[in-house]
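There are 2 protein chains.
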Amino acid sequence: MYGEIITIGDELISGRTLDLNAKYAAGRLTASGLRVIRITSVGDDQVTLTKTLSTALENSRFVIVTGGLGPTDDDMTNEIVASALNRSLSINKQLLKRIETYLKTRGMTLTPAMEKMAHLPEGSEILHPDGLMCGCSIVEKDVRLYFLPGVPDQMSHLLDNFVLPELLSVYKTVPVVEQRILKLYGVNEAEIMEALKDLTDDTGDVVLGFYPNFPENHITLSLNEKNEATIKKELDRVENQIKKILGVFIFSSGHQDMEEIVGHALLEKGITIAVAESCTGGLISHRLTNVPGSSTYFQGGVVVYSNQVKMNLLNVSPETIETYGAVSECTVREMVRGVQKRFDTDLGLAVTGIAGPDGGSAEKPVGTVHIGLAAGDKSLSGKYRFWGNRGQIKMEAALMALDWVRRYLNGNTFLPGI
Amino acid sequence: MYGEIITIGDELISGRTLDLNAKYAAGRLTASGLRVIRITSVGDDQVTLTKTLSTALENSRFVIVTGGLGPTDDDMTNEIVASALNRSLSINKQLLKRIETYLKTRGMTLTPAMEKMAHLPEGSEILHPDGLMCGCSIVEKDVRLYFLPGVPDQMSHLLDNFVLPELLSVYKTVPVVEQRILKLYGVNEAEIMEALKDLTDDTGDVVLGFYPNFPENHITLSLNEKNEATIKKELDRVENQIKKILGVFIFSSGHQDMEEIVGHALLEKGITIAVAESCTGGLISHRLTNVPGSSTYFQGGVVVYSNQVKMNLLNVSPETIETYGAVSECTVREMVRGVQKRFDTDLGLAVTGIAGPDGGSAEKPVGTVHIGLAAGDKSLSGKYRFWGNRGQIKMEAALMALDWVRRYLNGNTFLPGI
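Residue numbers (the numbering used here), protein chains in the order written: chain A, 1 to 418; chain B, 1001 to 1418.
Hints were generated in silico from the structure; no laboratory data involved. Hints may be right or wrong, so weigh each one.
[Stated by the list, open to error] Beta-carbon label-pair distances, calculated as ranges:
no.: 1; chain 1: A; residue 1: Thr101; chain 2: B; residue 2: Glu1166; range: 52 to 58 angstroms
no.: 2; chain 1: B; residue 1: Ser1361; chain 2: A; residue 2: Ala362; range: 53 to 59 angstroms
no.: 3; chain 1: A; residue 1: Ala362; chain 2: B; residue 2: Thr1296; range: 45 to 51 angstroms
no.: 4; chain 1: A; residue 1: Gln46; chain 2: B; residue 2: Lys1093; range: 43 to 49 angstroms
no.: 5; chain 1: A; residue 1: Gly123; chain 2: B; residue 2: Lys1093; range: 57 to 63 angstroms
no.: 6; chain 1: B; residue 1: Gly1411; chain 2: A; residue 2: Tyr2; range: 55 to 61 angstroms
no.: 7; chain 1: A; residue 1: Gln94; chain 2: B; residue 2: Glu1178; range: 51 to 57 angstroms
no.: 8; chain 1: A; residue 1: Asn410; chain 2: B; residue 2: Asn1312; range: 29 to 35 angstroms
no.: 9; chain 1: A; residue 1: Asp377; chain 2: B; residue 2: Gln1308; range: 20 to 26 angstroms
[What the hints assert, rightly or not] Over 12 angstroms on every C-beta distance to chain A, these chain B residues come out as not near it, computed from the model:
no.: 10; residue: Arg1035
no.: 11; residue: Pro1071
no.: 12; residue: Ser1090
no.: 13; residue: Leu1096
no.: 14; residue: Lys1104
no.: 15; residue: Glu1166
no.: 16; residue: Val1170
no.: 17; residue: Asn1227
no.: 18; residue: Thr1230
no.: 19; residue: Gln1241
no.: 20; residue: Ile1250
no.: 21; residue: Asp1344
no.: 22; residue: Lys1378
no.: 23; residue: Lys1383
no.: 24; residue: Leu1415
no.: 25; residue: Pro1416
[What the hints assert, rightly or not] Facing chain B, from chain A, some residues (calculated, C-beta under 10 angstroms):
no.: 26; residue: Glu11
no.: 27; residue: Arg38
no.: 28; residue: Met193
no.: 29; residue: Gly209
All values derive from a computational prediction rather than experimental measurement. Note that CB positions come from ideal geometry on N, CA and C, so glycine has one too.
Same shape as in the complex, but just chain A:
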């Protein structure tokens, strides 16, 4: 069953804010087997919202609308919807009472701005059994419309607990849709296309999708409307063919990110790690600690931005830095030994490089990055050249360093450097 999402807010169409609500809702609807055919963002603008709503009513079976339900003057969704659907606005007594109670417990009195929140289009049904930001639904010409607040936590709570269950109970005949994601690192889209050019004729009903997702590349495998046993078999067949060709670049065949894959492998093998970061500035530690339970294997890290700190904290010798520079193979080797020893861990991981925009030279241009890994008595290092702005070079270097850990734990060779 197909529908669409409309998100409302000047901050979206002026480019100030990323539309996290649309991404969340689209992901949850898709994962539930409901198809999203379009996402539209409009401002607090009666004309465009009215047109967008009527187009949606003509083309979709359900419409999720977020934003514009609050007390401020630019929150006008209820008024615009009432006018677009030719319905009157009237006070919802249930909601008004909630607002009054909320204000009373805070020693405040009802203002016209707060009362406005209770003016809903005729026929609206409140979604949440209590709470102020309760959302509501309207059925118009067999199309189910849902109006949710724009605050991401409130929106996701209402979507998960009220909208999705209702949609799934109404549209019981949702076809089985399965999609798998392969996440790749170290290979670009053109190389992927070239590598899979003989395969693409032989995927049967499995549809492949190719998506650059800097610095990763994702391949999706999708199959619709068959029975579950066939779907699994067909997807397995194509997935295995891709893995035969590009397996070494595939770090995740699912929704897990690199840090979850690495974390899971460390946990499973009972291996501990510590990280020394220069140009990545804490990003590797930040990513590793985004994983719940990471304290089991991640002992800690150091961000050694100055040379003095590299010497004091990691025992990098002044002579090494003097002779070879802070961005060099010798320095990264001493850093990685130093961090492994300092944290007393099985593995040490170290990165030193030039994230830019300044600090580059002809010999060591911006984007030059050394990665080091220490395991037991051994240490390894590699030199890479990354491209992009400061943020992109940090992202590339952090992902490459995590990929080194993944490949080491898998017994794979590292990606070739320069």
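Here the structure of chain A is known, so what remains is to put chain B in place on it, guided by the hints.
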């Protein structure tokens, strides 16, 4: 002059990918005085894209379309556009030659997939004077349509260097629009509305916008179509009124992020800093080092995830951890002294807390966070309770810690804790 943005890709409507292109293009267009009235994302789907294109042609003066120009089978923008505009597809010889040259230098031969990229709708004008991903434009019934690749770097390059200059030269009568942003931390939207309730009648033609942007809140001030001198005076007047009421929460009156504000203040005062992080896991260091030139004031940081490391690296005493726990005022005080001493900096900043989802207790629930600041011989600490998931608690704690530095440098009091 008003227009809209259409982004194409199944990854957008299935919620797998955030629409960074739409945000970038919307931001650049708005900043140039061009109004974006709608952003629409559709899949690689002929029916919906065709309808979306014709709606855009009826309602806008310019349309920016991104995605679907590559060599893969799901890249169908050119075909769909040709059919929607009733134009034939024909080989653009200039582009075909570029593709052949590109392949030749790599020792590859022309494949039908690569050749397909050169099939453009009749009347297309190539934007970039060389390069494969060159984008193109079409004028249809006085509406200017631009087709750009979906890869963010390519899209932004073409938009900035070819699309925007052309739009600005065609629509010379762009009205003067100025928008200012005030970024606030430590106050919620309802409190902002309450604080400004008497002001909102007195803003003249200045339109205020209120946008929660977790964990921040943003207020925009916009004014259209007047002469520049008046605009500045009017915006200054309203900005000053807001600052009188909420000034203590406003950390940025511009586009700068907290780390840029803090970094600038440190640089200006010639003060150095080092950071000890437990629950934020490296995020504070990562944010500080996102600022170019941060190595001048940021000496480095430690991520002390285990108790052992807190003791070894920061000299937190085993008795303190034993008696008060790792998440306590006493521990954060010793951490912050330890990091300041270890890195020999003017300021030390430390955070210890429980990011969850596990590790909470009745006494110290998930979200309990202690922040410490050492300056010279003094040290200060505060205890906070944050809400949300692991990622949100990391974000809140990191922002609060950075806000402590900002307030300390400004001579402001810290936000009250618990």
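Going through the hints against the structure:
Distance hint check for Thr101 of chain A and Glu1166 of chain B: the Cβ-Cβ separation is about 56 angstroms, which falls inside the suggested range of 52 to 58 angstroms. For the pair Ser1361 of chain B and Ala362 of chain A, the beta carbons lie near 57 angstroms from each other, so the given range of 53 to 59 angstroms is met. Here the CB-CB span from Ala362 of chain A to Thr1296 of chain B is close to 24 angstroms, at odds with the stated 45 to 51 angstroms. One distance hint, 43 to 49 angstroms for the beta-carbon pair Gln46 of chain A and Lys1093 of chain B, holds here, with the actual separation near 48 angstroms.
The hinted range of 57 to 63 angstroms is satisfied by Gly123 of chain A and Lys1093 of chain B, whose Cβ atoms lie roughly 59 angstroms apart. A C-beta distance of roughly 58 angstroms is found between Gly1411 of chain B and Tyr2 of chain A, which places it inside the suggested range of 55 to 61 angstroms. Range check, Gln94 of chain A to Glu1178 of chain B: Cβ separation about 43 angstroms, and the 51 to 57 angstroms hint is violated. In this structure the supplied range 29 to 35 angstroms holds for Asn410 of chain A paired with Asn1312 of chain B, their Cβ-Cβ distance being about 31 angstroms.
Under the hint 20 to 26 angstroms, the C-beta atoms of Asp377 of chain A and Gln1308 of chain B, about 22 angstroms apart, fit the expected range. The non-interface label for Arg1035 of chain B is inconsistent with chain A: the shortest C-beta to C-beta separation is roughly 8 angstroms, within 12 angstroms. With a least CB separation of 6 angstroms from chain A, Pro1071 of chain B falls inside the 12 angstroms interface cut-off, contrary to its annotation. Annotated as non-interface, Ser1090 of chain B keeps its C-beta farther than 12 angstroms from every C-beta of chain A; the closest such distance is 24 angstroms.
No beta-carbon of chain A comes within 12 angstroms of the beta-carbon of Leu1096 of chain B; the shortest separation is about 17 angstroms. Chain A leaves Lys1104 of chain B outside its interface by the beta-carbon criterion, the shortest separation being 15 angstroms against a cut-off of 12 angstroms. The Cβ of Glu1166 of chain B sits about 19 angstroms from the closest Cβ of chain A, beyond the 12 angstroms cut-off, so the non-interface label holds. With a least beta-carbon separation of about 21 angstroms from chain A, Val1170 of chain B lies farther than 12 angstroms from that chain, consistent with its non-interface assignment.
Distance check for Asn1227 of chain B against chain A: the nearest CB is about 22 angstroms away, which clears 12 angstroms, and the non-interface claim stands. No beta-carbon of chain A comes within 12 angstroms of the beta-carbon of Thr1230 of chain B; the shortest separation is about 22 angstroms. No Cβ of chain A comes within 12 angstroms of the Cβ of Gln1241 of chain B; the nearest lies about 17 angstroms off, and the non-interface call holds. Every Cβ of chain A is farther than 12 angstroms from the Cβ of Ile1250 of chain B; the closest lies at roughly 16 angstroms, confirming the non-interface assignment.
Against chain A, the non-interface label of Asp1344 of chain B is violated: not every CB pair exceeds 12 angstroms, the least being about 8 angstroms. Residue placement check: Lys1378 of chain B keeps its beta carbon more than 12 angstroms from all beta carbons of chain A (closest about 23 angstroms). Once the 12 angstroms rule is applied to beta carbons, Lys1383 of chain B is consistent with being away from chain A; the minimum gap is 21 angstroms. Once the 12 angstroms rule is applied to beta carbons, Leu1415 of chain B is consistent with being away from chain A; the minimum gap is 20 angstroms.
The claim that Pro1416 of chain B lies off the interface holds: its Cβ sits roughly 17 angstroms from the closest Cβ of chain A, which is beyond the 12 angstroms cut-off. A distance limit of 10 angstroms between C-beta atoms decides the matter here; for Glu11 of chain A the minimum to chain B is near 4 angstroms, and the interface restraint holds. With 10 angstroms as the threshold, the beta carbon of Arg38 of chain A comes within range of chain B, its nearest partner Cβ sitting at about 5 angstroms, so the hint holds. The beta carbon of Met193 of chain A comes within 6 angstroms of a beta carbon in chain B, closer than 10 angstroms, and the hint placing it at the interface holds.
A cut of 10 angstroms between beta carbons decides the hint on Gly209 of chain A: the least distance to chain B is about 6 angstroms, and the hint holds.
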